[in-house]
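Q: The lines below spell out each chain.
Number of protein chains: 2
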Amino acid sequence: MFHGLSLLPDCAPGTKAPDDYFRDVLLLSRLADQGGMSHVKMTEHYLGAYGGYCPSPLAFLSAVAAATTRIRLMTGCVLPVFHHPVQLASEAAMVDAISGGRLDVGFARAYLPQEFDAFQVPLDGSRERFTATIDAVRRLWTEENVSVDTPFFRFEGVTALPRPVQRPHPPVWIAAVRSRSSFAWIGEQGYNLLVTPALTPLGEMSDHIAVYREAHADAGHAHRPQVVASLPLYVGDSDEEARRTADPLLRSYLDVWAAATDSWLSVASDDYRGYTGMSRAIRALDATSFRTMGSAVVGAPATVVDRVQEITEVLGADGFLWQMDFGAVPGQIAVASLERFLDKVLPSLSSVRS
Amino acid sequence: MFHGLSLLPDCAPGTKAPDDYFRDVLLLSRLADQGGMSHVKMTEHYLGAYGGYCPSPLAFLSAVAAATTRIRLMTGCVLPVFHHPVQLASEAAMVDAISGGRLDVGFARAYLPQEFDAFQVPLDGSRERFTATIDAVRRLWTEENVSVDTPFFRFEGVTALPRPVQRPHPPVWIAAVRSRSSFAWIGEQGYNLLVTPALTPLGEMSDHIAVYREAHADAGHAHRPQVVASLPLYVGDSDEEARRTADPLLRSYLDVWAAATDSWLSVASDDYRGYTGMSRAIRALDATSFRTMGSAVVGAPATVVDRVQEITEVLGADGFLWQMDFGAVPGQIAVASLERFLDKVLPSLSSVRS
Numbered sequence: 001m002f003h004g005l006s007l008l009p010d011c012a013p014g015t016k017a018p019d020d021y022f023r024d025v026l027l028l029s030r031l032a033d034q035g036g037m038s039h040v041k042m043t044e045h046y047l048g049a050y051g052g053y054c055p056s057p058l059a060f061l062s063a064v065a066a067a068t069t070r071i072r073l074m075t076g077c078v079l080p081v082f083h084h085p086v087q088l089a090s091e092a093a094m095v096d097a098i099s100g101g102r103l104d105v106g107f108a109r110a111y112l113p114q115e116f117d118a119f120q121v122p123l124d125g126s127r128e129r130f131t132a133t134i135d136a137v138r139r140l141w142t143e144e145n146v147s148v149d150t151p152f153f154r155f156e157g158v159t160a161l162p163r164p165v166q167r168p169h170p171p172v173w174i175a176a177v178r179s180r181s182s183f184a185w186i187g188e189q190g191y192n193l194l195v196t197p198a199l200t201p202l203g204e205m206s207d208h209i210a211v212y213r214e215a216h217a218d219a220g221h222a223h224r225p226q227v228v229a230s231l232p233l234y235v236g237d238s239d240e241e242a243r244r245t246a247d248p249l250l251r252s253y254l255d256v257w258a259a260a261t262d263s264w265l266s267v268a269s270d271d272y273r274g275y276t277g278m279s280r281a282i283r284a285l286d287a288t289s290f291r292t293m294g295s296a297v298v299g300a301p302a303t304v305v306d307r308v309q310e311i312t313e314v315l316g317a318d319g320f321l322w323q324m325d326f327g328a329v330p331g332q333i334a335v336a337s338l339e340r341f342l343d344k345v346l347p348s349l350s351s352v353r354s
Numbered sequence: 001m002f003h004g005l006s007l008l009p010d011c012a013p014g015t016k017a018p019d020d021y022f023r024d025v026l027l028l029s030r031l032a033d034q035g036g037m038s039h040v041k042m043t044e045h046y047l048g049a050y051g052g053y054c055p056s057p058l059a060f061l062s063a064v065a066a067a068t069t070r071i072r073l074m075t076g077c078v079l080p081v082f083h084h085p086v087q088l089a090s091e092a093a094m095v096d097a098i099s100g101g102r103l104d105v106g107f108a109r110a111y112l113p114q115e116f117d118a119f120q121v122p123l124d125g126s127r128e129r130f131t132a133t134i135d136a137v138r139r140l141w142t143e144e145n146v147s148v149d150t151p152f153f154r155f156e157g158v159t160a161l162p163r164p165v166q167r168p169h170p171p172v173w174i175a176a177v178r179s180r181s182s183f184a185w186i187g188e189q190g191y192n193l194l195v196t197p198a199l200t201p202l203g204e205m206s207d208h209i210a211v212y213r214e215a216h217a218d219a220g221h222a223h224r225p226q227v228v229a230s231l232p233l234y235v236g237d238s239d240e241e242a243r244r245t246a247d248p249l250l251r252s253y254l255d256v257w258a259a260a261t262d263s264w265l266s267v268a269s270d271d272y273r274g275y276t277g278m279s280r281a282i283r284a285l286d287a288t289s290f291r292t293m294g295s296a297v298v299g300a301p302a303t304v305v306d307r308v309q310e311i312t313e314v315l316g317a318d319g320f321l322w323q324m325d326f327g328a329v330p331g332q333i334a335v336a337s338l339e340r341f342l343d344k345v346l347p348s349l350s351s352v353r354s
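Note that the protein sequences, when read in sequence, are chains A and B.
Just so you know, we're using our numbering here: the first sequence kicks off at 1 and counts up by one.
Just so you know, we're using our numbering here: the second sequence kicks off at 1 and counts up by one.
It cannot be assumed that every hint is accurate.
As the list claims (entries may be wrong) - Pairwise CB distance ranges, derived in the manner of DEER restraints:
| id | chain 1 | residue 1 | chain 2 | residue 2 | range |
| --- | --- | --- | --- | --- | --- |
| 1 | A | T159 | B | P122 | 38 to 44 Å |
| 2 | B | Q34 | A | D149 | 34 to 40 Å |
| 3 | A | Q332 | B | D207 | 42 to 48 Å |
| 4 | A | T288 | B | R224 | 57 to 63 Å |
| 5 | B | G316 | A | E144 | 15 to 21 Å |
| 6 | A | T142 | B | S289 | 40 to 46 Å |
| 7 | B | R23 | A | D149 | 36 to 42 Å |
| 8 | A | V335 | B | G277 | 19 to 25 Å |
| 9 | A | R23 | B | P330 | 53 to 59 Å |
| 10 | A | D271 | B | R178 | 56 to 62 Å |
Said to hold, decoys possible - If you want a taste of the chain B side facing chain A, the calculated C-beta under 8 Å gives, among others:
| id | residue |
| --- | --- |
| 11 | Q120 |
| 12 | P122 |
| 13 | D124 |
| 14 | T312 |
| 15 | V314 |
Think of the hints as simulated: they come from the structure by calculation, not from any bench.
Idealized CB from N, CA, C, for every residue including glycine.
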């Protein structure tokens with residue numbers, strides 16, 4: 001089992017200034033590096049409080065690379081449908097170089113209509129654009145004189161620079177949420193799997209992960225499939241203090257997320273079946289049920305150890321990336337939670353086997 | 001007068017590995033920060049040895065931000081024709097936040113046909129795309145609910161996040177090379193001016209700068225127009241050692257640059273008149289004439305002080321950004337040159353007035 005840090009800014013100018021946010025998460029990243037965590041992961045979003053402070057996880061991770069010495073850096077995720085593959089492949093390889101080969105690249109499909117609108121990228125067809133871009137990025141990392149002709153981009157005889165430091169290329173992770181065909185495709189392709197089981201019961205997510213592992217095995221990939229889950233975490237002094245501190249932050253996070261998905265109430269796309277009611281589902285999820293469902297882990301250190309062991313057994317993941325910046329949390333609260341995790345939780349989890 | 005560091009990787013896998021390049025220039029950036037230099041500037045290019053190791057100056061500067069405490073960070077330049085304004089405005093504001101308000105944004109038009117080809121951006125019309133993108137970025141930094149409708153991008157009611165830390169927005173610099181109308185436009189718009197007088201005699205560049213300052217004054221901008229020049233610099237132990245070390249590095253740099261512009265031999269665009277013979281002009285420039293023309297400064301500390309004073313008088317710039325990474329230079333040679341500059345040149349230049 002490995003344990004990393006997962007970041008997703010949910011701040012707006014009225015709740016936390018961007019320089020404060022980045023100062024805080026860079027400090028968390030340094031502590032995670034020194035404390036033996038495996039990864040720092042950062043999202044890509046635009047325009048709204050939900051993730052909008054970080055339009056470029058690669059640029060953020062470049063700062064983390066300079067501020068740390070050993071922790072791995074994960075995009076979680078970049079949104080390939082909003083990037084040209086030559087830019088994405090080159091910039092990722094550059095951050096791989098800046099970090100001395102510490103980059104993991106997570107890709108996700110993107111699902112917020114307002115982002116597609118701003119960039120004039122159609123929702124319909126985005127799955128094909130997603131896979132075509134990832135295919136092109138992988139070729140640009142591993143081949144020279146690459147020619148590609150798709151409905152979305154076309155180039156001939158391109159050799160991207162810099163070449164990745166990690167060979168054949170940085171580890172690739174793909175995020176999946178609910179579609180069994182997505183989980184199967186990720187396994188077939190031999191990619192690692194990144195799940196965020198906020199809206200999916202853990203048992204159901206476990207079934208999806210099994211679909212992924214089976215597809216991975218059937219495709220005959222030599223390497224072991226890696227599955228990592230990202231979940232909100234707050235470690236308090238006591239269970240009572242933890243709930244008192246974390247519940248309003250979780251509520252705030254859910255509200256920001258729900259607002260970001262409200263646009264689905266008036267948008268429909270064949271590529272995104274089932275997204276219409278997403279914001280209602282998120283609003284319906286209160287902090288208590290978020291905790292008791294197992295998607296958010298909140299408690300004193302001993303409680304967190306028990307809860308993580310339970311989740312590990314149900315989910316069958318290889319590692320966790322703990323989201324610790326939710327609710328535009330004041331820096332000192334997040335630092336205290338992380339320090340409790342590093343001092344009192346992580347040592348007890350090191351012996352846990354999935 | 002201010003003095004900063006200017007970086008442009010001219011490495012390929014056969015001459016210097018990307019992790020070595022970035023380790024070296026991050027060390028140079030730290031030394032420049034500690035030594036009282038004003039800026040670290042980094043270019044954006046793709047695909048070839050000429051700049052291709054840095055497709056994202058913002059991502060590189062984000063690492064510099066984390067590795068330094070006071071030096072300013074300048075893109076020099078980003079190429080707006082290859083970016084969506086929402087991404088460019090948001091990512092720049094993010095690096096402004098990560099750096100605590102230390103970002104300067106330099107924009108350039110881009111001029112390498114192979115980059116336009118790869119991104120399927122037409123050379124013809126690129127001037128209009130350039131100005132439209134900069135206009136949109138400035139509006140996204142300073143306004144909310146921005147609606148823009150151009151032939152290149154269109155969006156409605158967009159409020160970009162994060163908001164820039166520096167108000168109203170990070171200082172803007174525009175690069176110009178040879179067209180008088182470009183210098184006049186930059187002055188009219190009230191932007192700062194960035195010049196790289198490698199192929200333009202200093203006297204001619206001085207005339208261009210005068211055109212810029214006059215247009216700036218005529219437009220009635222309240223702030224003082226700032227002009228910065230980027231030139232190659234090597235400070236040696238002696239003049240002889242300096243030439244012996246720097247000349248092959250300058251030759252290598254010119255060869256890499258010439259190769260990048262060879263595509264102009266078979267391309268023509270009304271938006272880029274006079275570019276056809278560019279690679280021949282660069283190849284014709286030998287290291288000796290590069291030095292004696294004044295575009296490259298090479299010598300012992302005392303020689304460099306004299307040469308910088310002469311150039312300052314001719315050019316009338318407010319500051320210099322010294323390019324010290326040319327020729328895929330080994331790190332220890334660049335560090336030694338920078339240390340001589342900081343110890344023996346900069347103190348003597350502090351009293352120089354333009």
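Q: It remains to establish, for every hint, whether it holds in the given structure.
A: Hint-by-hint comparison with the structure:
Here the CB-CB span from T159 (chain A) to P122 (chain B) is close to 23 Å, at odds with the stated 38 to 44 Å. A hinted range of 34 to 40 Å is violated for the C-beta pair Q34 (chain B) and D149 (chain A), which are about 50 Å apart. Q332 (chain A) and D207 (chain B) have their C-beta atoms about 57 Å apart, which leaves the hinted 42 to 48 Å range violated. T288 (chain A) and R224 (chain B) have their C-beta atoms about 59 Å apart, which keeps the hinted 57 to 63 Å range intact.
A C-beta distance of roughly 46 Å is found between G316 (chain B) and E144 (chain A), which places it outside the suggested range of 15 to 21 Å. Roughly 42 Å separates the CB atoms of T142 (chain A) and S289 (chain B), a value that falls within the hinted 40 to 46 Å. A hinted range of 36 to 42 Å for the beta carbons of R23 (chain B) and D149 (chain A) is consistent with their spacing of about 37 Å. The beta-carbon spacing between V335 (chain A) and G277 (chain B), approximately 59 Å, falls outside the hinted interval of 19 to 25 Å.
One distance hint, 53 to 59 Å for the beta-carbon pair R23 (chain A) and P330 (chain B), is violated here, with the actual separation near 35 Å. Here the CB-CB span from D271 (chain A) to R178 (chain B) is close to 48 Å, at odds with the stated 56 to 62 Å. The closest approach between the C-beta of Q120 (chain B) and any C-beta of chain A is roughly 6 Å, which is under the 8 Å cut-off, so the hint is satisfied. The beta carbon of P122 (chain B) comes no nearer than 14 Å to any beta carbon in chain A, farther than 8 Å, and the hint placing it at the interface is violated.
Taking 8 Å as the C-beta cut-off, the interface hint given for D124 (chain B) is violated, the closest approach to chain A being about 18 Å. Because the smallest distance between the Cβ of T312 (chain B) and any Cβ of chain A comes to about 33 Å, over 8 Å, the interface hint for this residue is violated. Proximity of V314 (chain B) to chain A is violated relative to the hint, the smallest CB-CB distance being about 36 Å (cut-off 8 Å).
Checked against the numbered hints listed earlier, the structure breaks hints 1, 2, 3, 5, 8, 9, 10, 12, 13, 14, 15; every other hint is satisfied.
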